[in-house]
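Line order of the protein sequences matches chains A and B. Using the UniProt record's numbering, the letters of the first sequence correspond one by one to residues 1 to 95. Using the UniProt record's numbering, the letters of the second sequence correspond one by one to residues 1 to 248.
Don't read these hints as lab results, they were simulated from the structure. Glycine included, each C-beta is placed from N, C-alpha and C at the ideal position. Careful: at least some of the hints might be erroneous.
To spell it out: a stretch of chain B is covered by chain A in this simulated footprint if at least three of its residues, at any positions, have a beta carbon under 8 angstroms from a beta carbon of chain A; those stretches are [what the hints assert, rightly or not]:
#1 23-29
#2 135-143
#3 179-185
#4 197-211
For lysine-lysine, the following DSS-like pairs were computed, each having C-alpha atoms within a straight-line distance of at most 27 angstroms [said to hold, decoys possible]:
#5 A:K50 <-> B:K156
#6 A:K79 <-> A:K19
#7 A:K39 <-> B:K114
#8 A:K31 <-> B:K151
#9 A:K50 <-> A:K39
#10 B:K114 <-> A:K19
#11 B:K109 <-> A:K19
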Amino acid sequence: MSTSMNFSTKSFRPRPPDKGAFPLDHLGECKAFKEVFMKCLRDNSFDNSKCRLQSKDYLECRMDHQLMAREPLDKLGFKELMDRPPSQAEKESKP
Amino acid sequence: MLLPLLMRPSLGCPQASVVLTCCVRTLRHYSQAKCFLRRRQRNTGSQEEEWHTKNRTVLAYIAAAGVGMIGLSYAAVPLYRLYCQATGLGGTAVAGHDAGVVETMTPVKERLIKITFNADIHASMQWNFRPQQTEIFVVPGETALAFYTAKNPTDKPIIGISTYNVVPFEAGQYFNKIQCFCFEEQRLNPHEEVDMPVFFYIDPEFDEDPRMARVDTITLSYTFFEAKEGQKLSLPGYNPISIRSMTV
Chain A
1 MSTSMNFSTK SFRPRPPDKG AFPLDHLGEC KAFKEVFMKC LRDNSFDNSK CRLQSKDYLE
61 CRMDHQLMAR EPLDKLGFKE LMDRPPSQAE KESKP
Chain B
1 MLLPLLMRPS LGCPQASVVL TCCVRTLRHY SQAKCFLRRR QRNTGSQEEE WHTKNRTVLA
61 YIAAAGVGMI GLSYAAVPLY RLYCQATGLG GTAVAGHDAG VVETMTPVKE RLIKITFNAD
121 IHASMQWNFR PQQTEIFVVP GETALAFYTA KNPTDKPIIG ISTYNVVPFE AGQYFNKIQC
181 FCFEEQRLNP HEEVDMPVFF YIDPEFDEDP RMARVDTITL SYTFFEAKEG QKLSLPGYNP
241 ISIRSMTV
């Protein structure tokens, strides 16, 4: 794969994740949220920007069921969803 | 002095005179040569000294160069480390990767990047491991969620551990995972299927790097290995050699 014996060629060094590993969802508690998210992706031709709300819901589900350390949403990059959730929810619920 | 006396019989014996002149000539040459040699010897003496000094100087220079080389080879170790940190050559982590950047970063909406997903398993690993989406379109500075799924079709629990790879390699330094399922043992019970999420973002500085100007597709590849009971695997930050030997 990526040997590091070459000086000039760049090699890849895997980095550990910032907040560690997700515990496995053995009981499928957040499977429903995942399905909603995947459906949103498929409908929007896999554009992540359009499915931010669903990904936020999935992560909140994980936090509720102790499958993820609870963090404020802006630390997870959902700052814009926190600022105006009502208008966003309106936009999502309209179509 | 004897010459005039010798010259008189030359009138009588021409042969003797020839021999005589020859002798005189030889004597003269010999005396001249002796003088020359003596002069030469005097020069050689000083020249030898000169050469001697020259030799010593050259020897001193060579010795100094040798010592300089040895010193340089010792100094090269910290210098190379500094150079690698400054330029990011050789894959060392570029200083300045800050976990707190997630809160303050703004998405760069003009730059759309396609992330493709790949899943691999080791030959002896019996899980069915695949991504749930083949690709996803993200922009730098925006967090994204992606899913893999793994199923254990066998009748006994299997513990797996995974590592990842990002292609192109240079883009790997901008690919930051907030949370994923790698580098930790994951246990799947018999006939169990789970969703494995990856929560990541691309650093907004990706857009400003001139080397990344032509990069539009990044491939994230995960590989699962079977973890033996009781085997401890350290995080890549502490002991990268174990991970490298795993992936190679």
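Checked hints:
A count of 0 residues in the segment 23-29 of chain B with a Cβ less than 8 angstroms from any Cβ of chain A is obtained; the coverage claim is therefore unmet, three being the minimum. Interface restraint, the segment 135-143 of chain B with chain A: holds (7 residues with C-beta to C-beta distance below 8 angstroms; minimum three). As drawn, the segment 179-185 of chain B meets chain A at 6 residues by the rule of a beta-carbon pair under 8 angstroms; at three or more, the given contact holds. Counting residues of the segment 197-211 of chain B whose beta carbon lies closer than 8 angstroms to any beta carbon of chain A gives 3, which meets the minimum of three for the stated coverage.
Between A:K50 and B:K156 the alpha-carbon distance is near 41 angstroms, which puts this suggested pair outside the 27 angstroms criterion. At roughly 18 angstroms between alpha-carbon atoms, A:K79 and A:K19 fall within 27 angstroms of each other, so this suggested pair holds. The hinted pair formed by A:K39 and B:K114 meets the criterion: a straight-line CA distance of about 19 angstroms does not exceed 27 angstroms. Straight-line distance between C-alpha atoms of A:K31 and B:K151 comes to about 15 angstroms, which keeps the hinted pair within the 27 angstroms bound.
Our distance criterion of 27 angstroms between C-alpha atoms is met by A:K50 and A:K39, whose separation comes to about 12 angstroms. Restraint check for B:K114 and A:K19: satisfied, since their Cα atoms lie roughly 24 angstroms apart, inside the 27 angstroms limit. A threshold of 27 angstroms between alpha carbons decides the hint, and for B:K109 with A:K19 the separation of about 26 angstroms falls inside it, so the pair holds.
Hint compliance for this structure: hints 1 and 5 are broken, all remaining hints hold.
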